[in-house]
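Peer 1: Since chain A is already given, all that's left is putting chain B on it; use the hints.
Order-wise, the sequence lines are chains A and B. Heads up, the first sequence is in the numbering used here, so the first residue is 1 and it goes up one at a time. Heads up, the second sequence is in the numbering used here, so the first residue is 1001 and it goes up one at a time.
Calculated from the structure, these hints are not laboratory results. Just so you know, even glycine gets a beta-carbon here, dropped at the ideal spot from N, CA and C. The reader is advised that the hints may include incorrect statements.
[As the list claims (entries may be wrong)] Across the chosen pairs, the derived CB separations fall in these ranges:
| no. | chain 1 | residue 1 | chain 2 | residue 2 | range |
| --- | --- | --- | --- | --- | --- |
| 1 | A | G194 | B | T1183 | 35 to 41 Å |
| 2 | B | R1223 | A | T183 | 39 to 45 Å |
| 3 | A | R255 | B | I1215 | 41 to 47 Å |
| 4 | B | T1187 | A | E154 | 38 to 44 Å |
| 5 | A | G194 | B | E1116 | 39 to 45 Å |
| 6 | A | L48 | B | I1215 | 48 to 54 Å |
| 7 | A | D76 | B | D1204 | 52 to 58 Å |
| 8 | B | D1204 | A | D44 | 41 to 47 Å |
[What the hints assert, rightly or not] To give a feel for the contact side, a few chain B residues facing chain A, derived at Cβ under 10 Å:
| no. | residue |
| --- | --- |
| 9 | S1051 |
| 10 | A1052 |
| 11 | G1092 |
| 12 | P1095 |
| 13 | V1104 |
| 14 | T1125 |
| 15 | T1129 |
| 16 | H1133 |
| 17 | L1137 |
| 18 | L1146 |
| 19 | S1152 |
| 20 | L1193 |
| 21 | C1196 |
[As the list claims (entries may be wrong)] What the simulated footprint calls covered on chain A by chain B, stretch by stretch (three residues with Cβ under 8 Å from a Cβ of chain B suffice, anywhere in the stretch; the number is not a length):
| no. | segment |
| --- | --- |
| 22 | 87 to 97 |
| 23 | 114 to 126 |
| 24 | 138 to 146 |
| 25 | 180 to 192 |
| 26 | 200 to 214 |
Residues per chain, in single letters:
Protein chains: 2
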Amino acid sequence: MILVNGIQTNNLPVSDRGLHYGDGVFETIAIRNKQPQCLASHLDRLKLGCSALSIPLPDMDELGSEIASLTDTVADKAILKIIITRGSGGRGYRPEAAPQVTRVLTLHPWGDHINEHREKGIQLTLCETRLAHNPQLSGFKHLNRLEQVLASAELTDNFQEGIMQDMDGFIIEGTMSNLFIVTGDNTVKTPRLGQCGIQGIMRDKLLKWLKNNKINVVEANIRMGEVLQAQSILMSNSIIGLWPVKSFKSRQQTRDYVFADFAASFNKQLDT
Amino acid sequence: MILVNGIQTNNLPVSDRGLHYGDGVFETIAIRNKQPQCLASHLDRLKLGCSALSIPLPDMDELGSEIASLTDTVADKAILKIIITRGSGGRGYRPEAAPQVTRVLTLHPWGDHINEHREKGIQLTLCETRLAHNPQLSGFKHLNRLEQVLASAELTDNFQEGIMQDMDGFIIEGTMSNLFIVTGDNTVKTPRLGQCGIQGIMRDKLLKWLKNNKINVVEANIRMGEVLQAQSILMSNSIIGLWPVKSFKSRQQTRDYVFADFAASFNKQLDT
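If we strip away everything but chain A, and leave its shape as in the complex, we get:
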């Protein structure tokens, strides 16, 4: 089921700036037990993105009732995607002063692989595609995602996720997830974001949860050597929760990793 500005349709006007320039933002939200998860955090990031792009906020009441009407149709689990674009109009790239934004809401089935990978772990590889530095466009989820498309096109069926580096060779994230490593002294490290990368809702949630559970956690600049020496690697996003990494294939070698003991309990509390 798809809603465009509240109307059930499969179509969008060709003139939409989302198509022409990727001029918009999106959120991908897990629905579990018929409830959108972390909805307030997702809507906050959506607002942050609109503000960064100077896109007027959609009517949040309208958006809220559209989310509710889609969620109502879900039996248990599903994936909800919200796209907000600057709508049509403007003079080429230059936006209109007061654009009519477009709201697109789509529902997608929950894949069985999501929980399977939580239990069995994933095989991780290294992508050649790099993330460009642009602080103005980092953190939030805008519709300019060619770097992620190119990186995920590098994945073969053997690999469920790939690590992306920035132009300086720092480890930033996966193609669709944030990355955590557990070091020998049981510190959890995750890449510092700022020049590029997505400030994941699940990343924030995990950081808080680790602190609450007295697990030492730091945001830092991380290079490949640290990933190769880590005990555990974990990938997170709003849909998957935490996927532990079984093995990582870097340029030189393939190494196995142990599962961090907190992964299962973190995932468990997501489902309750």
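Peer 2: Only chain B this time, still in chain A's reference frame:
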């Protein structure tokens, strides 16, 4: 008039990856005297972009007859935009192995301001929005254009174009055009592209024309100081041809520039 995969419609499927990820390429082509200008060069760059993104080429015969059928409806001048996307499908960012590409062709009216600015020149400003370095995505016209949207949102009605720098402070191009400066010794200089920026069809055409007319021309790394000391500045794209710059407002000052004498003759031969 709009054609999507050869069919007259104003709509595109919501599922199209052009909307979700900016997963596609485009060309903007001048139609003059009922003829698409530099069509072969535009189609070559379109193919180059498809190849860079591993998007299968559209059927070029079909595309050619769609271009012809739109061009037939034009009285004299118009602007033709061609968008090729990876279509729908794939698993999130990850593309399908054999996607069905989407062809979108739209016609737009020729603006009176285009020829006016050729004769009277434009007022140029400096944009704060910078171009990120990503050689994998530079040169061709993909649909991830948020940097251009943000930069052109900085333009007020007083300025018809703005200069964009890269993250290292090098001058790269305008928000929708390439840039040329004429130095005191009558050398024409244009920024070297490679890390970012668009390899303009009109830029290529002007470079050739200058060489044929024995005017000294170089591609180089250009910093702000050189722009401020130049005799003339010119902006080029496929629609505008060459716009001479009357004045440029940098952070420190506003300076006037003389029109390069070759601009009018270059523009004239475009129209014949």
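Peer 1: Does the interface hint hold: is V1104/B within less than 10 Å of chain A, judged Cβ to Cβ?
Peer 2: With Cβ-Cβ at 6 Å, under 10 Å, it holds.
Peer 1: Identify whether the interface hint at L1193/B stands, where standing means a beta carbon of chain A within less than 10 Å of its own.
Peer 2: Status violated, d = 15 Å.
Peer 1: Checking C-beta pairs, does the segment 138 to 146 of chain A have three or more residues closer than 8 Å to chain B?
Peer 2: holds (count 5)
Peer 1: Please check whether C1196/B passes as an interface residue: C-beta within 10 Å of a C-beta belonging to chain A.
Peer 2: Since the shortest Cβ distance to chain A is 8 Å, the answer is holds.
Peer 1: Quick check on a hinted range of 48 to 54 Å for L48/A and I1215/B, using CB atoms only.
Peer 2: holds, 49 Å
Peer 1: At least three residues with a C-beta closer than 8 Å to a C-beta of chain B: is that true for the segment 114 to 126 of chain A?
Peer 2: violated (count 0)
Peer 1: Does the closest beta carbon of chain A sit nearer than 10 Å to the beta carbon of H1133/B?
Peer 2: Interface hint status for H1133/B: holds (6 Å vs cutoff 10 Å).
Peer 1: For the segment 180 to 192 of chain A, do at least 3 residues have a Cβ located nearer than 8 Å to some Cβ of chain B?
Peer 2: The restraint on the segment 180 to 192 of chain A is violated, since only 0 of its residues have a Cβ under 8 Å from chain B and three are required.
Peer 1: Taking 10 Å as the limit, does the beta-carbon of A1052/B come near enough to a beta-carbon in chain A?
Peer 2: The hint holds - A1052/B has a Cβ within 10 Å of chain A, the shortest such distance being about 9 Å.
Peer 1: Hold the hint about L1146/B up to the distance rule: shortest CB distance to chain A must be less than 10 Å.
Peer 2: holds, 5 Å
Peer 1: Starting from the hint 38 to 44 Å, judge whether the C-beta atoms of T1187/B and E154/A obey it.
Peer 2: Holds - the Cβ-Cβ distance for T1187/B and E154/A, about 43 Å, lies within 38 to 44 Å.
Peer 1: Would the stated hint for S1152/B survive a check requiring a Cβ distance to chain A of less than 10 Å?
Peer 2: holds, 4 Å
Comparing the model with each earlier hint shows violations of hints 3, 9, 14, 20, 23, 25 and 26; every other hint is respected.
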